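S.K.: Chain by chain, the residues:
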Amino acid sequence: MIDQQVVEAVLSAGLADGADFAEVFAEDRRSTSALLDDGRVEELTSGRDRGAGIRVVVGETTGFAHTADLSEASLVSAAQTAAAAARSAGGEPRVVNLGRVDATNPSAVSVYPEDVDKATKVGLLARAEESARGAGSAITQVSARYADSRRRILVANSDGSLADDDQVRTMFSVSTVAAGDTGMQTGRESTGHTIGFELFDANDVAEIANRAAQRALTKLAARPAPSGEMTVVIGPGGGGVMFHEACGHGLEADLVAKGASVFAGRVGEQVASPLVTLVDDGTMGGEWGAGAIDDEGRPRQHNVLIRDGVLVDYMWDELRARKEGRKSSGNGRRQSYAHLPMVRMTNTYLLEGESDPDEIVADTTNGVYVAHLGGGQVNTATGDFVFGMTEAYLIEDGRITEPIREGNLIGNGPAVLANIDAVGNDFAMGSPGTCGKDGQGVPVGDGVPTLRAHGLTIGGTAA
Amino acid sequence: MADAAMTPADALGIVDRVLERALPGEQLEAVLGWAATTDVRAHEGELEHFVAATEVGLGVRVIDDHRTGISWAGVLDDDAIDTAVAEARDNARFSSSDPHAGLAEPDGVEPQRLDTVDGALADVPTEAKVDFAMQLDSRLRSADSRMVGHEGADYGDARVIGAVASTTGIRAVEQETIAQAAIWALASDGNDVTTGFGLDSGRGFADLDADNVVAEAVGRATALLGASKADTSRLTVVFDPYVTSQFLGVVAEMLSGEEAVRGRTPFADRVGDDIAAAMLSLYDDPHAGDAPTSGAVDGEGLATRRVPLIEGGVLTGLLHNAYTARSMSSTGTASATRGSHRSAPGVGPRVLTPEPGSLSPAALRASVGEGVLVQELAGLHSGVNPTSGDLSVGIEGVRLRGGEPAEPVREVTIASTIQRMLTDVVAVGSDLRRFPWESSGVSLAIADVTLSGN
Numbered sequence: 059m060i061d062q063q064v065v066e067a068v069l070s071a072g073l074a075d076g077a078d079f080a081e082v083f084a085e086d087r088r089s090t091s092a093l094l095d096d097g098r099v100e101e102l103t104s105g106r107d108r109g110a111g112i113r114v115v116v117g118e119t120t121g122f123a124h125t126a127d128l129s130e131a132s133l134v135s136a137a138q139t140a141a142a143a144a145r146s147a148g149g150e151p152r153v154v155n156l157g158r159v160d161a162t163n164p165s166a167v168s169v170y171p172e173d174v175d176k177a178t179k180v181g182l183l184a185r186a187e188e189s190a191r192g193a194g195s196a197i198t199q200v201s202a203r204y205a206d207s208r209r210r211i212l213v214a215n216s217d218g219s220l221a222d223d224d225q226v227r228t229m230f231s232v233s234t235v236a237a238g239d240t241g242m243q244t245g246r247e248s249t250g251h252t253i254g255f256e257l258f259d260a261n262d263v264a265e266i267a268n269r270a271a272q273r274a275l276t277k278l279a280a281r282p283a284p285s286g287e288m289t290v291v292i293g294p295g296g297g298g299v300m301f302h303e304a305c306g307h308g309l310e311a312d313l314v315a316k317g318a319s320v321f322a323g324r325v326g327e328q329v330a331s332p333l334v335t336l337v338d339d340g341t342m343g344g345e346w347g348a349g350a351i352d353d354e355g356r357p358r359q360h361n362v363l364i365r366d367g368v369l370v371d372y373m374w375d376e377l378r379a380r381k382e383g384r385k386s387s388g389n390g391r392r393q394s395y396a397h398l399p400m401v402r403m404t405n406t407y408l409l410e411g412e413s414d415p416d417e418i419v420a421d422t423t424n425g426v427y428v429a430h431l432g433g434g435q436v437n438t439a440t441g442d443f444v445f446g447m448t449e450a451y452l453i454e455d456g457r458i459t460e461p462i463r464e465g466n467l468i469g470n471g472p473a474v475l476a477n478i479d480a481v482g483n484d485f486a487m488g489s490p491g492t493c494g495k496d497g498q499g500v501p502v503g504d505g506v507p508t509l510r511a512h513g514l515t516i517g518g519t520a521a
Numbered sequence: 030m031a032d033a034a035m036t037p038a039d040a041l042g043i044v045d046r047v048l049e050r051a052l053p054g055e056q057l058e059a060v061l062g063w064a065a066t067t068d069v070r071a072h073e074g075e076l077e078h079f080v081a082a083t084e085v086g087l088g089v090r091v092i093d094d095h096r097t098g099i100s101w102a103g104v105l106d107d108d109a110i111d112t113a114v115a116e117a118r119d120n121a122r123f124s125s126s127d128p129h130a131g132l133a134e135p136d137g138v139e140p141q142r143l144d145t146v147d148g149a150l151a152d153v154p155t156e157a158k159v160d161f162a163m164q165l166d167s168r169l170r171s172a173d174s175r176m177v178g179h180e181g182a183d184y185g186d187a188r189v190i191g192a193v194a195s196t197t198g199i200r201a202v203e204q205e206t207i208a209q210a211a212i213w214a215l216a217s218d219g220n221d222v223t224t225g226f227g228l229d230s231g232r233g234f235a236d237l238d239a240d241n242v243v244a245e246a247v248g249r250a251t252a253l254l255g256a257s258k259a260d261t262s263r264l265t266v267v268f269d270p271y272v273t274s275q276f277l278g279v280v281a282e283m284l285s286g287e288e289a290v291r292g293r294t295p296f297a298d299r300v301g302d303d304i305a306a307a308m309l310s311l312y313d314d315p316h317a318g319d320a321p322t323s324g325a326v327d328g329e330g331l332a333t334r335r336v337p338l339i340e341g342g343v344l345t346g347l348l349h350n351a352y353t354a355r356s357m358s359s360t361g362t363a364s365a366t367r368g369s370h371r372s373a374p375g376v377g378p379r380v381l382t383p384e385p386g387s388l389s390p391a392a393l394r395a396s397v398g399e400g401v402l403v404q405e406l407a408g409l410h411s412g413v414n415p416t417s418g419d420l421s422v423g424i425e426g427v428r429l430r431g432g433e434p435a436e437p438v439r440e441v442t443i444a445s446t447i448q449r450m451l452t453d454v455v456a457v458g459s460d461l462r463r464f465p466w467e468s469s470g471v472s473l474a475i476a477d478v479t480l481s482g483n
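Protein chains in written order, with the numbering used here: chain G, 59 to 521; chain X, 30 to 483.
Each hint should be verified, as a subset may be incorrect.
[What the hints assert, rightly or not] Not everything, but these chain G residues come out facing chain X in the computed CB check (under 7 Å):
#: 1; residue: Glu-118
#: 2; residue: Ala-429
#: 3; residue: Thr-519
[Stated by the list, open to error] Straight-line Cα separation of at most 30 Å, DSBU-like style, residue types lysine-lysine; simulated pairs:
#: 4; chain 1: G; residue 1: Lys-176; chain 2: G; residue 2: Lys-316
#: 5; chain 1: G; residue 1: Lys-385; chain 2: G; residue 2: Lys-316
#: 6; chain 1: X; residue 1: Lys-258; chain 2: G; residue 2: Lys-316
#: 7; chain 1: G; residue 1: Lys-385; chain 2: G; residue 2: Lys-495
#: 8; chain 1: G; residue 1: Lys-381; chain 2: G; residue 2: Lys-316
#: 9; chain 1: G; residue 1: Lys-495; chain 2: X; residue 2: Lys-258
[Unchecked claim] Over 10 Å on every C-beta distance to chain X, these chain G residues come out as not near it, computed from the model:
#: 10; residue: Thr-120
#: 11; residue: Gly-344
#: 12; residue: Lys-385
#: 13; residue: Asn-437
#: 14; residue: Glu-454
#: 15; residue: Gly-518
Rather than coming from a laboratory, the hints here were simulated on the basis of the structure. These numbers come from a predicted model, not from an experiment. Built from N, CA and C at the ideal position, the CB exists for glycine as well.
Turn these sequences into a full structure, and let the hints steer you where they fit.
M.R.: Here it is in structure tokens:
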């Protein structure tokens, strides 16, 4: 993307006035998407974004500039702008000798999406539409979306590291509307991996569409969700969103350092039930948050955050790690070359336990079974978090019974983590997600086995 | 060009150049987005970051034989433009023929001359911007002993140019400036920690007041100290203008022609019906001079206009872009939005405005008596379904007892449906507030909402 000698010249320009740290992040991303709605392929969209962001750090201050022009002159000019923004002055210029970082992308790509013709991609949409419509006459609307991207990045910094990565992502989602006497209900299902078009060898779009349709149809008969504190059993897969919100964000070192996390100062303490071992793992091949390196050029890692309920460590980016005199954990990520990196999750999941999932339900006298979760949100300073249930049922006398309507659940992270009293042996990864923080979205994965928690409040309308 | 100072004339020149590539019989539209932004964050007496950026992007839409293809480029040289046009043209071959597909056509409405640029912003020295963020940081610490920190004290500004031209005769450009300041503050009474934001925005640097930002953050964060869960009950909620703006943003989504065309809103065929309490009126007011999102042209280059949505509780119309108006045989409202140059036009308001009522916030609280004053929502994306209308969101706020603020509450949710909430509006405040996003707000009281807690 950029010659090594140009990268070295740009870093030198960033360091010319004695900065502590300089970094070049270059990116070339091509993406394609196709949307089908109401039986028609509405549009095909594709494009390319290229550019570089230059970061210069002096003391506590980061200066940042970016450019879409990858010529040496433009990059050097951006580096000078970033250095001026960081107000560097007075130090000695330094020469940078770059060495390549050894990191392998854990995701093997068999079929690059750019080698697949557009008609084939569009064909998937029609197949999904047909399947969803066939699920029942109450299905009134179907939309399906195909998207792929190939993101090549190069990161070099004044510590002498030079690293690159080639990240290919392919995803497919289906949304449906079902109409009945009680109004309209929606269903959604998606799959996505950091692999190529071979995604569709293992994932049949007709099945994805059928699941989205069944979800909407089921909810036509759903009762209003209950309200108040209840026992909640979360099914395998997408329930990882709960951990992403309940403690994931609160374990990001930048929020911890600002006192904006209920987990600040608690490393070594019991912060969760002994059944909880939580991992953030950027090396999980094929998963949505995987890669060879993070967006600061550090190799991705398998990081245990909570082991047997004890807080082991936070997640770190370069900047925060430097301040603490330690190494980054490979969690420095950014939306694009036009954004500053910060501490982000990758694939966050709960290790499986030993309980039989059926027995977990059978042992629950009354409660709610959440089969599929939507997104969520957390206030890391208070620990209060919410997540949406998009497919859920009542548990009555140890049996899963009637479907209930959508709603949010609310809880407090440390309290809910302490109140997990059963973890199943049926681990599964969930759907691809986009995590938002400070205005930036990055792809993340999550996963959980079946688990049971107390202390969550269901936000329904029924008494 | 990208890194130099762009002018509106330059921007029109670029979209004109793209149009030269149109083939006979083909509809081609070029949109250009350009922005020069500054972002400053201060923390604990230090400048945490300073970002100076110039961004540009070109979007191309080709409609041929009623088939639509879209492409974009982040570089503006001739090769990149050629590639983008060829790619959009090729993409169109693979989409379905839609009889309503087509670009916007000029409709004879002349764009208003609006004052959307603060010329003085360009002359504000960098040091003054840095100092503003540093002032937020330092004044927060001295404002109240219970303020223990913040996640960021931010100043940001932008000069933005948008241009659109098409083979149907559209040719429009708009320039605007915006400045905003915000702080995400943390308060503590020694036991728990609470959060609250302060926010101010306008067209220029002079519109911002650091003391107001700090005072709002202190007020919001300290009001919640000592908060606890409340018992489950049905009660009246009072949304503050910020919360109302978020609520109305969801309502606007349900009143979008795009959702109506796709059969995803319960209001699709309700124009002319009572859908809200008679005291509620709602309109899009793109020319509102005091709103930082006002603008004279929409995302497809048509002149914006005032669009009544709800008048005296009656649904008077939906928001439309060219495609949805054509699909529904409806009058266009010039409500095309462009999330970015990369996307097809969507539909949305420019300055969604509730008609203010006559009650001051205190008089409104007194009229309600018992309830909860809501100052923060959580989980709006996961807890509101604009198709079914189901709403269930986490809240933070303060109990109202005898019309007066009483004990704070947290870790509770409120739930109802959007349809019911609109008809259950029982009071509308006079305190209209603009925000740096497309929905404004007033204090709004809504009865019979389920609060879930203990």
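S.K.: For which of the previously enumerated hints does the structure constitute a violation, in increasing order of number?
M.R.: 2, 4, 10, 13 and 15
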